[in-house]
Amino acid sequence: MLFHLVAFTFDLFNFIYISIGSRLQDWEFPVPIIHQELFPHLVWWTSQANVLRGQLLSSPVPNQTLFTDASNLGWGAYLEGLSVSGVWTPDLLKEHINILEMKAVLLELSHFQSLLQNKSLVLATDNTTVVAYLRNQGGTHCYELYLLAREILLLCNHLHLQIVVRHVPGKLNVLADALSRTLTPVNTEWELLQSVFQAITLQWGSPHVDLFATSLNYKVQVFMSPVPDPKAYAVDCMSVPWDGMFAYAFPPFRFLSQVLRKISAESRLIILIAPAWPKQAWFPDLLHLSCARPLVLPVEIKFLSYKCCFLLALASGRRRSEIHAFSTADYCLRFNRDKSSVTLLTDPAFLAKNQIPGRGSEPIVIPALPDDSSSKVLCPIRVLLLYLQRTRSLRTSSNSRLFIPINKGKQDLSAKTISTWICKTIQLAYSFSNEELLNSMHVKAHDVRAISTSWALFNNASLEEVLSAGFWRTENSFISHYLQSLATQAQSLYSLGPLVSAQRVVFPPASSGSGIQPLC
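In case it helps, mature numbering (1 follows the signal peptide of the UniProt record, and there is no 0) puts the sequence shown at residues -21 to -1, 1 to 499.
Keep in mind the hints are simulated off the structure, nothing from the lab.
Quick caveat: nothing in here was measured; it's all calculated off a predicted structure.
Please note that a few of the clues may not be correct.
FRET-style restraints, in silico, Cβ to Cβ [stated by the list, open to error]:
no. : residue 1 : residue 2 : range
1   : Thr119    : Leu248    : 52 to 62 Å
2   : His139    : His267    : 50 to 60 Å
3   : Ser218    : Thr107    : 19 to 29 Å
4   : Asn42     : Phe282    : 40 to 50 Å
5   : Glu59     : Thr180    : 19 to 29 Å
Beta carbons: idealized from backbone N, C-alpha and C, even for Gly.
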């Protein structure tokens, strides 16, 4: 093998350029063996069996594919329906990504070694350095990479495993990439609950093929995958004719325009999962192509909790501790008869910051968005009513808090959980943004309180109204720590349509466009 030659190349280079120096032309100079670990590699070349052993004219056809990837957070791999992932230890977090990618391959082969003995395998990676070092059985640019490559090749030799290393573009290596990042699923890994999918098939019949799936989440036995997969009927459904198919499609939302164009061009019958985003450019096409009344899918209680918590934080302008202390007791939660507003009070046992002992808590009055508003999805009253309805069966007489735990076994939640829900809502809203933006975001729940009150002031609320909404005694705290200049974000905020901010409905100017879909 070549790595038996590459093994002592580093020492040979060092000796020639450092030890010999000016005697560079004196090639008759003896070269010492510096490291004892080089002896086995030199001895390998003295064996006639090794030197005369030929190479197969044609390699065995690989019968498995291992997709591998690494990030600065962790590593992950996918093999024939099986997956493995892990996070890096603190001492590895500062390593170069090429080192991490190579180390990931070693970890993954070690994990799956019982399944790989006496096999031929395609090793698919999006890192060109890993491809080069493994194909060439080493390299001379980085000694640490060579050592890792040698360890991988020795493991393959021990397992009698033949590997064919192939480069896969990062956009196709989605499974391993998602496993290596471990924070959120990638677009192709979102899926409906099985019970929801079954309800859909009961209404419209069983589809023949799942157009956007992987081996980890397919709903129909015949599926098309965005990543090369031996179990998939085809790769990249957008490049395959859909003739004669009754298909199920849950595409990444950014592909909906392309999907709708393909449906229109090929006149196919598709069960399509899409969000109700009326301000998106593709939404009129979605309505035009619909041949049945849309089935509104139930919202998972976790995401409903996130959204309700976030909208009440924005609408009230209050601290997380006060939101945590909201109560469902009759005297603490009162809706207007026409549901045009809700009045909230914190639990009587709770004492808010700046609250004078002996005085009751200040009522928080949150208005609803107008009935004719195009952004009803952002109405806090609408979401609160839905949240109360969905959580009615989960509530106990011993807990009167408005927000209840979403994890089984927990009796109560903390104010810190409220912060977590607010932050997760913001992170989910930007989950389809570019990675650079996501990495630059430092989300804090307190920022929502600052934006809520600053946005109200920006839209002609008096300072007294803002201080009352945020429950500040004087303007010093608000001006020093919360007041933000939102001039540069104004157009984006107005594009969401009317918003309830700091207990006021803020309307966009009549001239303001509203072409951006609400993300919350």
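Hint check results:
Between Thr119 and Leu248 the C-beta distance comes to about 59 Å, which sits within the given range of 52 to 62 Å. Roughly 59 Å separates the CB atoms of His139 and His267, a value that falls within the hinted 50 to 60 Å. Separated by about 25 Å at the C-beta atoms, Ser218 and Thr107 satisfy the suggested range of 19 to 29 Å. A hinted range of 40 to 50 Å for the beta carbons of Asn42 and Phe282 is consistent with their spacing of about 41 Å.
Separated by about 27 Å at the C-beta atoms, Glu59 and Thr180 satisfy the suggested range of 19 to 29 Å.
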